[in-house]
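Engineer: For this one, chain C is given, so just place chain F on it according to the hints.
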Amino acid sequence: GQQLNQSPQSMFIQEGEDVSMNCTSSSIFNTWLWYKQDPGEGPVLLIALYKAGELTSNGRLTAQFGITRKDSFLNISASIPSDVGIYFCAGPSNSGGSNYKLTFGKGTLLTVNP
Amino acid sequence: GAVVSQHPSWVICKSGTSVKIECRSLDFQATTMFWYRQFPKQSLMLMATSNEGSKATYEQGVEKDKFLINHASLTLSTLTVTSAHPEDSSFYICSARDTATYEQYFGPGTRLTVT
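Chains as they are written, first to last, in this note's numbering: chain C, 22 to 135; chain F, 7 to 121.
Same shape as in the complex, but just chain C (with noise of 0.2 angstroms):
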């Protein structure tokens, strides 16, 4: 089946500082997904993007669809100590029509220091 791969694996930074993570995949995705979960939580959903090119932000975060539907990279501006978590990519497992199942990445634990 379809693989993301995601890197780094984890990130220990200080407050302020930006912070970059990407996702790799063999196959072409049509939409890529980015995910944050807190520990104890359920991920929930930060940014999606649905077309290659597209560069989408959600206040600090900034994310993009490469073009060659094979990649696509989270940026955190300025991050706080709430930034604390792990972060996952996610895409579709399918052609995606509504029917698609998620495949994640492995995630990213994004540690802060204060």
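Derived by calculation from the structure, the hints in this document are not laboratory data. Note that the structure is predicted; figures quoted are calculated from it, not measured. You may find that some hints are simply not true.
[Claimed, not checked] FRET-style restraints, in silico, Cβ to Cβ:
| # | chain 1 | residue 1 | chain 2 | residue 2 | range |
| --- | --- | --- | --- | --- | --- |
| 1 | F | Thr63 | C | Pro135 | 42 to 50 angstroms |
| 2 | C | Ile49 | F | Glu65 | 33 to 41 angstroms |
| 3 | F | Leu74 | C | Thr89 | 38 to 46 angstroms |
| 4 | C | Gln30 | F | Lys70 | 29 to 37 angstroms |
Even for Gly, the Cβ is constructed at its ideal location relative to N, Cα and C.
Structural biologist: Structure of chain F alone, referenced to chain C:
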């Protein structure tokens, strides 16, 4: 925004007993719901797709007789872990797909500990 609830949020049970976890979409209808399992420091692994009014579709390697799924209404799916064993201890997360928009929303998860 759309809300998905899970009950219970955590449960401890003895080995050999069965545990039922509920997943509800609170303000939208969900023809399709999904059940995931997540082990510590790992990603979400899809266990099964739950379809309202029909049988669930299980992922390869997931025992359907052990993880019973019922999706009897457009807002409720249940996962029953039968004859639980310590290796079934995990974080179980459901998600529900809004029938109208196809957006998928996740529940807060249920922590299962089997002693």
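Engineer: All hints are to be evaluated individually against the structure, with a verdict given for each.
Structural biologist: Structure-based check of all given hints:
1. F:Thr63 x C:Pro135: 42 to 50 angstroms: Hint holds: Cβ distance 45 angstroms, inside 42 to 50 angstroms.
2. C:Ile49 x F:Glu65: 33 to 41 angstroms: violated, 22 angstroms
3. F:Leu74 x C:Thr89: 38 to 46 angstroms: holds, 42 angstroms
4. C:Gln30 x F:Lys70: 29 to 37 angstroms: holds, 33 angstroms
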